[in-house]
Structures are given as structure tokens and as C-alpha cells.
Amino acid sequence: MKKTAKRALALLLIFALALLPGAALASGGTVCFIAVNDDLLPLSSQAVSVGGQYYVPAGVFAQFRIYSSWHESASTAELTSASRQMFFNLSTGETWDSSDRYYSTSAVMRGSTVYVPLDFVCRQFGLSWSYIRGSGYGDVCRITDGGAALSDALFLRAAQPLMASRYAEYTGSSLPTGGNEGDVSSAESVVFLSFRGLPSMEALDSLDAYGVKAAFFLSAREIEASPDVVRRLAGSGHNVGALCSADPAGDFTAFSDALWSAAHMTSVLAASSSREYDAACSAWCDENGLVFCGYTVDGVRSGAGISSAALGELLRGERAPIMYLRLECCRLTYSNLPAIISLLRDGSVILAACETSEP
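Counting with mature numbering (1 follows the signal peptide of the UniProt record, and there is no 0), you get residues -26 to -1, 1 to 333 for the letters of the sequence shown.
Bear in mind the hints are in silico, worked out from the structure with no lab data behind them. Keep in mind that a hint or two might mislead.
Said to hold, decoys possible - Label-pair distances were calculated between CB atoms; the ranges are:
| id | residue 1 | residue 2 | range |
| --- | --- | --- | --- |
| 1 | GLU143 | ASP252 | 36 to 46 Å |
| 2 | ASP221 | GLY291 | 30 to 40 Å |
| 3 | ASP93 | SER73 | 14 to 24 Å |
| 4 | SER78 | GLY291 | 53 to 63 Å |
| 5 | GLY277 | SER43 | 26 to 36 Å |
| 6 | SER276 | LYS187 | 24 to 34 Å |
| 7 | ASP74 | ARG305 | 38 to 48 Å |
| 8 | GLY33 | ASP182 | 49 to 59 Å |
| 9 | SER43 | ASP93 | 17 to 27 Å |
| 10 | TYR76 | ASP179 | 38 to 48 Å |
| 11 | TYR76 | MET239 | 17 to 27 Å |
| 12 | ARG75 | SER276 | 50 to 60 Å |
Computed from a prediction, not measured in an experiment: that's the story for all the values here. Where a beta carbon is used, it is the ideal one built from N, C-alpha and C, also for glycine.
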């Protein structure tokens, strides 16, 4: 009898969800983003709220190595990790695990997408989630596994420009034009951002997700080793410059040839691979009409990279109207990149790609 009652309740829930409009919205018609750790997902994946319970597409858990599958003949969805399996029958509304334990919750199909109860799945697979209230561009259901670098407050601040852009695209509205974002004249500081070395694709994904542009200084050898990454840099709107050392003329010539071969582009930017070459490289650039890009804030740290906490201390000590920040492409930088972006998204700072020489 109890099982029959549970099944009836589950079927009522499925019926209620089926009456929702095509766009999966949170309660009150608010757009609800989904975030996975420090990554904001596109609005093609949103959270659904019915009766105070949130549902998300089953596929969003793949980033946690929890994979979904759909068995058409049995009308059953499955979530599987290395240690756990959950099954959701969408015809009967029943949910059970690999030990045949049944639970009083259900999944639902919207279009061709299976939605699963967020809180239930997180508890079953050892994840956490939080609901972050936004400020005009939607709210966020954020799922974490302990690998997030940002607090909810910092994540919201870092993600807001991207949320605004995606919200405007999704709703067909225009972004507000009265704010200070991107207005260099109204900022207390302008930070010109550059990197030494070839970035990982994951690092580029983070920069693209938050709408951040930078300059990347590369050697000819790095370009020749990974031309696809260089083409990605060019296609994403980043600047690319030469990394020069004791022979700036030879280094720049080799760089220019490799850059043209890889991406059919040219550059007038150059930087030194080490502080000891700054004077020679700068002088050579001046003589040849090129732009030497130095830096005033050292995030290279002799190739070791820098944490967001250490960078915060540096920026507080350096605070100036114009700052040139150089970061190292390495594991430490990558793991701190979302937090670094949040730090640089301070309301009094404008972030831009390094494209001019130091004053």
C-alpha cells in the first residue's frame, strides 16, 4: 500500500513537471543558471523548481565522473559513478539503487532531456550544492565536489559579466549601458594582463568563460609544438607576442615565421623571457619599431607561478593607476585562475590585454 501511494505521488510530480513551459525556469519565472565548481554552464542547461525542489539535467554531473544513460525500452534513466548506481523509471516514477533500495523521489523528461532531483543526487553521490541569488540576470544552482576555489559570493562576482551576457542573449534583451565596466576613464586602476608561455586548453576555457582577454608571449618552439593552441588564442581574440632572450633579433624572426605558419597572423609585441634580458630586448624593440611589454607585478615567480592569495598581497602593495601583470602558464596558475580572475574583477579595476609598452 505504501509503495502504491509513493508511486501515485511520484506520478503526480511527473504530471506537474510536464505542465511546465519549454524553458526550464526556477520558481517565479527567474532564469536559473547551473554552475559546476567554478564553471558557469550555458543557459541551454537550467534548473527547474517545482514545489520547492530543484531539478537539473542528468548530464551536468558528467564533470564529476557521474555519467548518465537512457534505456528507452525500460523507460529508465541511470546515473553511474565508480562506486554507485541510481535508477529512475520515468513511466512509474520509481527510483532505486543497485541494492534495490527504493526512494520517494522521481526524475522527469523534458523534451529529450532527463531531469533529476538535485538535492537527492548530490546526497547520494557525495556532492554539495547551494542556491545563489543573483542581481537581475538570474540565480544560480551551484554544484561542488570540494574542488571549487571560490566562495559563492566571489563566484557570483566573477561570473556576473558572463551571466549578464548570456541572460541578454537568452531573453533577447540588451545589456545596460550606464555602468562602468570597460570604462577605463572611470576606473581607479587598469591592469594589463599577460602570460608567459603556452596555456592549456582548460585555462583558455576559463578566460573565455569569464570574457577575459590577455596577451601571451611565446617562443617559436612553443608555437611549432602546439599550433592548434595558437590558433585558439587568435580565434578567441587574445594577443600573441614574441618571447625573446639574449638574441632578440633571431628570436623575433623565428617567432614571426612560426606564428605566420601556424595562424597566418603577425605581431609587433615582444617580451623578455627573463628580467636579465629586459634592457636588451627593450632597446632592440625601440630600434625596430616594435612594442616591448614589460611588467610591474610579477606573477611569474621564476616559473613557479603564483596563488590568488599571494597575488592579492602583491596587488595591494603595488596599487597604481596602471599595472602590468605577468602570469606564468603552469599548474599553480591554472588551479588559481578562477580566483585570480575574481580578484582582478574588483569593481575599481579594469582588466585588459597587454597591448602597449610601459609608460
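Now the hints, each set against the structure:
no.	hint	verdict
1	GLU143 to ASP252: 36 to 46 Å	holds, 43 Å
2	ASP221 to GLY291: 30 to 40 Å	holds, 35 Å
3	ASP93 to SER73: 14 to 24 Å	holds, 21 Å
4	SER78 to GLY291: 53 to 63 Å	holds, 56 Å
5	GLY277 to SER43: 26 to 36 Å	violated, 44 Å
6	SER276 to LYS187: 24 to 34 Å	holds, 26 Å
7	ASP74 to ARG305: 38 to 48 Å	holds, 44 Å
8	GLY33 to ASP182: 49 to 59 Å	violated, 21 Å
9	SER43 to ASP93: 17 to 27 Å	holds, 22 Å
10	TYR76 to ASP179: 38 to 48 Å	holds, 40 Å
11	TYR76 to MET239: 17 to 27 Å	violated, 60 Å
12	ARG75 to SER276: 50 to 60 Å	holds, 55 Å
Hints 5, 8 and 11 from the list above are not met by this structure, while the remaining hints are.
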